[in-house]
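Now for the letters of each chain:
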Amino acid sequence: MRNKWTKNRIVRLVAMSLCISLLTACGLDSARKQIDEKQQIVNENTDQEDVTEAAYEEEMVLKEVLEGDVAPDFTANLVDGSTFTLSENSGKVILLNFWATWCGPCVGEMPAFQDLYEEYDEKIEILAINCMEDEDTVNQFVTETGYTFPIAYDVDGTISFTYPSSGIPYTLVIGADGIVKNIYVGAADAETQYKLYKGAIDATLQE
Amino acid sequence: MRRKLIQVICAILYNCNFTGFAKGTIYQGDIKGICVPGLNCYSCPGAIASCPLGSLQAALVSSKYKFPYYILGMMILFGVLLGRVICGYLCPFGLFQELLYKIPSKKVKKNRWTKRLAYVKYVILIVFVVLIPLTFATPGFCKYICPAGTLEGGVFLVSMDERLQALLGGLFSWKMLILVLVIGTTIFIFRSFCRFVCPLGAFYGLFHKVSVIGMKVDENRCNGCNACVSSCKMDVEKVGDAECIQCGECKRACNQCAISMGRKR
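As you go down the protein sequences, you meet chains A and B in turn.
Here the first sequence is numbered in numbering that gives the first Met the number 0, starting from 0 and rising by one per residue.
Here the second sequence is numbered in numbering that gives the first Met the number 0, starting from 0 and rising by one per residue.
What the hints contain is simulated information worked out from the structure, not anything from laboratory work.
Glycine residues also receive a C-beta, built at the ideal position from the N, C-alpha and C atoms.
A hint or two may mislead.
Computed, partial: chain B to chain A, Cβ under 10 Å [what the hints assert, rightly or not]:
#	residue
1	G23
2	T24
3	L133
4	T137
Turn these sequences into a full structure, and let the hints steer you where they fit.
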């Protein structure tokens with residue numbers, strides 16, 4: 000009785016580990032492949048010299064954007080039906096935000112973007128890019144909250160992959176010269192974030 | 000011994016994105032789309048999959064836009080198949096607590112107070128995991144309580160990312176306090192977090208009557224000596240009830256060899 004159990008258990012344990020490691024291996028492979036494809040798209044879009052294939056081999060994922068880097072170009076589809084291309088807006092200070100409806104701090108700081116949008120009007124561009132949720136979810140959120148600042152879809156995550164981050168909310172202030180001036184990960188309440196972003200935008204506008 | 004081996008393998012498999020620990024970055028590939036059965040923070044730099052409890056709260060926060068069929072279905076599947084076998088075998092935080100309990104010290108045995116405290120985890124499940132995410136749109140358990148998150152996500156990530164250090168405040172101190180309390184009490188009280196706090200264990204415990212795999216008692220052999228229950232360090236009333244983590248320690252206590260683990264139905 001006991002012996003049979005031991006044998007059974009060991010067989011089961013081995014089978015389980017095999018299954019899990021197989022699953023893990025395949026998953027990593029497909030994830031890698033996907034990143035590969037994304038990498039190609041990014042390279043075609045931006046011609047970024049520093050994101051070389053060799054660097055990628057070493058890093059496995061795209062290089063994180065740093066303060067002082069040229070902001071990688073992208074084109075996003077907005078909730079209002081128009082499109083936004085970063086390179087077409089050079090010469091303007093841009094506040095770029097990555098968010099999702101399930102992300103508490105992201106939703107919490109959104110009044111700050113609305114206030115900044117109304118305050119600066121045409122002087123700056125604000126764009127909040129949703130991270131990989133479907134269009135219906137985003138539409139419903141926008142209808143319910145009534146925000147009027149530009150919000151974009153990124154259903155397949157192409158833009159999110161171009162701007163890799165360990166978490167959202169992830170917000171960048173990009174100067175008129177296309178250089179990333181400030182990067183913020185995480186957020187406190189809307190009031191604190193408003194002051195923080197306003198300070199950064201004013202400093203960037205004065206450059 | 001075999002159980003410890005499974006627990007260690009599990010803890011490593013859950014957190015096998017080793018480069019993440021070196022760089023302080025989080026794995027964001029496809030496997031993050033599935034959940035591990037145990038409590039393992041998905042903000043851990045090593046984590047390759049998601050925490051069911053964290054995912055559930057995140058899903059409930061945005062449940063205005065989408066009902067969490069996927070995550071609830073996955074958790075119910077885990078519950079129906081394994082129930083609290085997950086607590087005993089597949090949970091890294093359970094392993095962590097069992098190792099802490101090995102530190103030699105005076106130990107507090109279960110008593111009627113610990114049995115009462117065991118109900119607290121159901122309250123936490125309802126209030127912090129379900130009600131707070133639904134009403135205040137914030138993941139209550141992850142945010143205010145979860146010591147596994149503080150340990151795996153908080154400590155590692157924050158120590159490696161200066162931008163996150165700038166955000167530290169009262170909440171971080173509060174969660175560190177809870178982590179220290181859990182570690183402290185676990186040295187004296189066996190699996191104190193699992194027994195009194197863990198809402199995931201509470202959820203899986205709900206399936207103790209229906210789960211496919213678990214502890215079985217051969218009624219023909221059992222002589223009713225109750226050695227199993229009195230030797231058990233959890234707050235069980237009988238083998239295999241909602242408090243039972245199916246670890247099988249009671250098999251050793253039973254001189255009738257009436258207890259076994261396997262398919263219950």
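Taking the hints in turn, this is what the structure says about them:
1. G23: Hint holds; G23 of chain B Cβ to chain A Cβ min 8 Å, cut 10 Å.
2. T24: 5 Å, holds
3. L133: At 13 Å from the nearest chain A Cβ, L133 of chain B fails the 10 Å test, so the hint is violated.
4. T137: Because about 5 Å separates T137 of chain B from the closest Cβ in chain A, which is inside the 10 Å limit, the hint holds.
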